[in-house]
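We have chain A; now place chain B onto it with these hints.
Here the protein sequences line up with chains A and B, keeping their order. For the first sequence, this note's numbering begins at 1 and goes up steadily by one. For the second sequence, this note's numbering begins at 1001 and goes up steadily by one.
Source of the hints: derived by calculation from the structure; they are not laboratory data. Small disclaimer: the values here were computed from a predicted structure and weren't measured. Just so you know, even glycine gets a beta-carbon here, dropped at the ideal spot from N, CA and C. All the pointers check out, no bait thrown in.
Partial pick of chain B residues on the chain A-facing surface, computed with a CB cut under 7 Å:
#1 Q1031
#2 T1032
#3 E1069
#4 D1071
#5 Q1084
#6 E1085
#7 D1088
#8 D1101
#9 L1104
#10 A1105
#11 G1108
#12 D1168
#13 T1169
#14 Q1170
#15 M1382
What follows is a set of in silico ranges between Cβ atoms, one per label pair, in the way DEER data are often shown:
#16 A:R320 with B:K1114: 46 to 54 Å
#17 B:D1361 with A:T95: 53 to 61 Å
#18 A:D154 with B:A1055: 50 to 58 Å
#19 A:V148 with B:A1056: 51 to 59 Å
#20 A:A88 with B:K1064: 41 to 49 Å
#21 B:K1064 with A:L187: 57 to 65 Å
#22 B:G1198 with A:G360: 57 to 65 Å
#23 B:K1284 with A:G87: 46 to 54 Å
#24 A:D154 with B:P1253: 34 to 42 Å
#25 A:A88 with B:A1055: 45 to 53 Å
#26 A:R320 with B:G1198: 38 to 46 Å
#27 A:V299 with B:T1207: 56 to 64 Å
#28 B:Y1290 with A:L316: 31 to 39 Å
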Amino acid sequence: MLTSSRRQLLASGGMIIMLSVIAVFVATWFGPATERMLTVFFISLTAVVGIGVYSGNSGILSFGHVAFMGIGAYASSLLTVPAALKGATLPGLPTWLAAVELTLIPATLIAMVFTAVVALAVGAAISKLEGSAATIATLGLLIIVHGVIIGWRDVTRGAQSFFGVPRVTDLVTAAAFCVVALFLARLYRDSSSGLRLRAGRENAIAAGAVGVRIRWERLISFVLSAAIMALAGAMMAHFLGAFSPKKFYFNDTFLLLAMLIVGGMSTVTGAITGAVVITLVTEVLRRLESGFSIGVFDVPPIFGTAQIGIGLIILLAMFRKVDGLAGLKEWEERVLPRSTLLAPAALPPVGARDVLSGKGLTRQFGGLTAVDDVSIQILPGQIVGLIGPNGSGKTTLLNMLSGILTPTEGQILHGGRDLTGLSSPDIADQGIARTFQNIRLFANLTVYQNVLVAALSTHRGKDAVARAQTALDWLDVMKHAAADAGTLSYGDQRRVEIARALACQPQVLFLDEPAAGMNREETDALMEILRRLSADLGISVLLVDHDLELINQLSDRIMVLNEGRMIAQGSPKEIRRNKAVIEAYLGTGRENEN
Amino acid sequence: MKHLILTSAIVAAFAAPVGAETLTIGTATAQTGGLAYADVPTMQGMKLAIDEINAAGGIDGATKIALLEKDVRSDPAQTSIAAQELADAGVSVIVLPGDSDPALAAIGVVSSAKIPAISTVASSPTLPQIGGDYMFSNFPGDNVQAAVSAKWAWDEGYKTAWIVYSPDTQYTTMPLYFRDVFKKLGGEMLGESTNTIGQQDFSAIATTIAAQDPQPDLVMTSAYEPDFPSMLIALRAAGVTSQVIGSDGIDSPTTFSLGDVGEDVVFTTAGFAIKGSPLEAFDKAFEQKYGSAPESIYSAVGYDLIKVIEAAVIVAGSTDPTKIRDAMADLENVQGATGLITYKGTNGMPVRQVSLIRVKDGGRELVGQPSPDANLIPAPRMQ
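The shape of chain A in the complex, shown without the other chains:
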């Protein structure tokens, strides 16, 4: 499913085709050398966008993708080199492979599938790693694949030139394949998988809490991007006609990453911008460094300026535009923003049917017991307030109930199902949604996308658009639908976070300090919304807040934590009179001073 408007995708696709056609015509007019330059440009752009599909959407920089380019180059070439030549140059090749002689397109498709299978195996391991650990692992991938290609002499000719590959990648072929790669990347970015992965990039914990299985999404993008890299590799092999493992190693990795980073990792617009800028600058410098004359002065050749130029562009981009020249948005997202007026769709309430209970929950961090043997019960449709001084274990309890932390001891039951030890996406899928004490929105996604991700990732994405719209409507943030979540006021961000949780169509909603930072009027409005959630939709709510007025007015029942233990629970009236609660909040007076 695609999550952006058809208008944007058509604009993007139309622009890609138009620019490619213009470029091809201009290059043809300039002559064969420019055609070659542009062919290499299209191959590089395919590779850049291939890395971008993974690195841009997941936020994990990959040094290893050029390895997939190498695998694609060797795999496709083994299928297209004439059988007679293979007999002479690769005598150790298995007979079935030695006899194969395919044309470019079938060979490329097979190479892409083969590379995707390799990427599936590698990605299954790498997707478990986070941040810089994943980046270093991709570096390992590059080195290992390089070593395997050199060592597997019977198939690859080792470190020697692999030659005799038909030179069939011409300008038009490269342009056509590149357009295909750009389409794939653009569609993936706004597919539900791409949107989920971007949500995970913005905030992994929040993404998990709304049902995003981030490793799985990373794996999908890893495999897709590897297939695109294989496409670039196959084109490069059939452009050069001869290559060796060193073509697919650090030099090209550096160049492609430079393009990606300068342009902006997270968009197709960025990939194109980066590839164009770096190519133009190197082309101009390259022509100047061969020496030229200004009037009577002859400037002698000075080689090496192209690399220095690339280095300077990277520095400049990092100083002026950290997210790359194109930033975090596609051009069409800026020019043609999604209409803010979405027709709100009303969905029938689901309502809570099941009791959520935690029994004897304990969580230790090293020697510290943050939560100690706490039992909690939330009845359907009830609003339960959870209070306690700072550090009393409220958020830890919430994190256990929502699957972000696994209890050291104890059990969590929802209806008849045991939820103990389930991951946060699984918990979300069980109808338990939450917000966070420190707002965890997907800051660079629009408000609509924030909410849509949650709807797409729960209940198998059924009626996702309608659920997202209903949730926006409920929290009265529809007017901000097209704005980036990170640009909203504090109170609006709180509301969007609740809308996002609501879009999961939950039975139980955990709200961690929803009124923090709100003024009295905003708090009152929020209180009204929460009351209706419980009354009209029948959702159970577990509410953590320091605003005792809010808690007192809303809660059916209040539980009090102190130093990890439950010290009291009951109706608001009972709690107000409870001696232990008063001591915990106000101190015990003279007794303690002695």
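Just chain B now, kept in the frame of chain A:
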């Protein structure tokens, strides 16, 4: 931006006017990147030759040489683009980088433009074979070096041999050519070992050879730094006393600083500056132009490259690329800085005099400068 590209193209065209009295040589070589170690000194030698020829009034006193230089950053794709630009600029000869990959990537361009191309120092004899009619090499081929060292060994009375080679690169399989020639001459191969490039420990290979009874008369390898010194030390430590024969890859200061272990090692290389030789004259002229002695034999080989083109233009009587190609393929005994160079009867791979050097008291001693016997040179190996 389009204007900029256009302007710089026009500038480039003006900088190197193509006329009847000028021969334009286009260079698409690796002035930066991993291959610069070879192509930069080669270019220095080329420029020295061009300056000399132009100072004397040009080729045959009539045709001046102009250079159109492009840096390909040691990258095959850039080589293919640069070669096309040179072809479009109408150059008569194209000089390509000293490695098979980038040189091969330009084949499509040079064969369809019908412009002769010469790789600076690529020594794989398969390059001109795959490259077709318009691809020439300049450096002594691996098979030529092996033929020279095998013949010398046989003439010295060595009857049994052992080779150590690495299938990792074309160059490190030179001992396989040696094996073929040595057997053809009547020698006996006692065995062969393989290593990987960058191998840390050669003791297993050394022990195997030491355990032979009797030990082979000679051990031949084309390993180079850092493999060659470790291999040599391991062999001597294991008690192998056989003559060790190497190739031009070990023609570096390291080999002469190994002390006792390095003594008596014999290797083949492109040239040796004996008194009164053209190479000695070249070294002097080089020092005069650049202020320091050439850092490697590559500079002399670059000088030779221009001398070959000069000879071809004289024979062709024209700067027409096809005529130059035909003349070049037929050249015989061109006098270069390193010796005599012949292309006639080969497939674009030059037959050059090869110098045999022995390490003596930490210095170099000339063993001989034989012209290789064409009948002994093995056919290029594709694998």
